[in-house]
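K.L.:
Using the hints, put the two chains back together into the complex; each one sits in its own frame.
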Amino acid sequence: MIFGGERVSCQKCVELLRDFLDGDLPRDVQGALETHIGGCPTCQNFTNTYRSASGCAKRRLLADQVPPELQASVENFLKGKIPGF
Amino acid sequence: MSSSPPLVNEMQTDRELVELTQKGDPSAFPELVRRHQTQIFRLARRMLGNDADAQEVIQDTFLSAYQKVPEFRGDAAFSSWVYRIAANFALMRLRRRRIQPDGESIEDQLPKFSESGHPMEPVLIDWSKRADDELMDKELGRAIDKAVETLPPDYRVVFLMKDVEGMSNEEIAEMLETSVPAVKSRLHRARLALRAQLGEFFKERQE
Chain A
1 MIFGGERVSC QKCVELLRDF LDGDLPRDVQ GALETHIGGC PTCQNFTNTY RSASGCAKRR
61 LLADQVPPEL QASVENFLKG KIPGF
Chain B
86 MSSSPPLVNE MQTDRELVEL TQKGDPSAFP ELVRRHQTQI FRLARRMLGN DADAQEVIQD
146 TFLSAYQKVP EFRGDAAFSS WVYRIAANFA LMRLRRRRIQ PDGESIEDQL PKFSESGHPM
206 EPVLIDWSKR ADDELMDKEL GRAIDKAVET LPPDYRVVFL MKDVEGMSNE EIAEMLETSV
266 PAVKSRLHRA RLALRAQLGE FFKERQE
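Just so you know, the sequences run in chain order A and B.
Using my numbering, the first residue of the first sequence is number 1, and each one after it goes up by one.
Using my numbering, the first residue of the second sequence is number 86, and each one after it goes up by one.
What the hints contain is simulated information worked out from the structure, not anything from laboratory work.
Just so you know, even glycine gets a beta-carbon here, dropped at the ideal spot from N, CA and C.
Check each hint, because a few of them may be wrong.
[Unchecked claim] Listing some non-contacts, in silico: residues in chain A with all C-beta distances to chain B over 10 Å:
no.	residue
1	R27
2	Q30
3	T35
4	A53
5	A57
[Said to hold, decoys possible] Residues from chain A that face chain B, not an exhaustive set, calculated with beta carbons under 7 Å:
no.	residue
6	C56
7	V66
8	S73
9	K79
Here chain B stands alone, though its shape is the one from the complex (with noise of 0.2 Å):
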């Protein structure tokens, strides 16, 4: 019996897994999927809100990049490359479907300022600090869901890129074929949105 080492194992690198699937070694690509699958579907789940879209998506783009690997020059992280497959995927039925963000727009949640700069409600309260006490309280769990869920798609995208996924401001605005500029002030305006609802939900509770 031959005792001769699995080609695949976890301690190689996408570059070899790719490098083995461009040699037609069967073995590599599901280990590609196995490591990149829970990425894609954060961002496929968090930006179609459910878990059958999401299932399309990560099939769609594990699909396409197979077939595509041949292409695959390594110019860019294997990592980065399948994600902008799924993000593509994911903003293509985005679009498909026409989602209008519903209730409130993403202007409602921005502060708003006296004409002399002054804040019209002051922040009385610091609530970080709870919030960061009470992350595993499920209410909580689901106030951050929700606040995510309604921030409009194009604001979504970019918070999920950037602030979780930890994308450059570059990749995301070559991504999303749009400026740095852009991205700068989409993420902006999701943060303070995230923050007003975040804050709803603290004034709540205390009262």
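Same shape as in the complex, but just chain A (with noise of 0.2 Å):
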């Protein structure tokens, strides 16, 4: 695949990720890169793992909740700071 005149590598996939995955790139790039992950093991895998990485963690620190103390805490802080809290 052709891009900016010169083929399109595995290494300028990897570099403009997250400007394909976030749709940042114009029309042609986009396509080019498309077309080379579509033929490349490597750079589809890449892909998949970049993605999920991200969103696995982000589904893991959604989770984080304030621990019920914690909690307690800041509102007995607040309560002496501010009147009427």
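P.N.:
Structure follows, in structure tokens:
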């Protein structure tokens, strides 16, 4: 696949992966990367695992909850500082 | 006995609660704290690495928000406004600590390529399906925690704001006083580093 007069390399693909997945690239470049990824098992695996790492971390972190004892300490602190809290 | 309904309830918008606080109703601000403390805890806990510092950030944030609420004009959502205050407190605390990323630098986590642009280590395993299936697994959870924790703070904060909280690149750039391209670059590198760390985890698990 020709991209800017050169073949799309795996390196270029990885460099542009964030822009590619966020749809930030010009249409022709987006198309060139799609074609490269479609024909390159390494870049397919790379793309899937790149997306998955971010998605898994997001789901893990969104599950964070304030521990009840910490919540109580914050409430006590604010009660001491804010009238009527 | 008066049967008038309570002024504050869960159905009210943040804007309404802010207005009540501005008018001096003491019951509205605790509801704002209740609504937004989890998001602030998530940022502070992951940025600072422990509950004690996270607690201080939550306390400082809401006290400061209460003191500044008379000036709040509603140009941004209350959630963004209070999150920005929290991010500043967390970043200040980090700077005071002068945390240096220990161990490997993020450069070590980035993929390496030959001169012809081919990967030095071909990606033979696609572990993305396993990661989705095993997300509740404790070991994987710990591996994710460690991977996030070892990101350098400048990268970690961008990852938390963008990929976890879903903020725009522009909002993040403004909050961190940097450029949008810098935000995009840090986010990409953070994702690459997380991917590399989780790849190692699945590789070791397979062996």
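K.L.:
Does each hint fit the structure? Answer for all of them.
P.N.:
Structure-based check of each hint:
no. : hint : verdict
1   : R27  : holds (19 Å)
2   : Q30  : holds (16 Å)
3   : T35  : holds (16 Å)
4   : A53  : violated (4 Å)
5   : A57  : violated (5 Å)
6   : C56  : holds (5 Å)
7   : V66  : holds (4 Å)
8   : S73  : holds (6 Å)
9   : K79  : violated (9 Å)
The structure fails to meet hints 4, 5, 9 from the earlier list, while all remaining hints are met.
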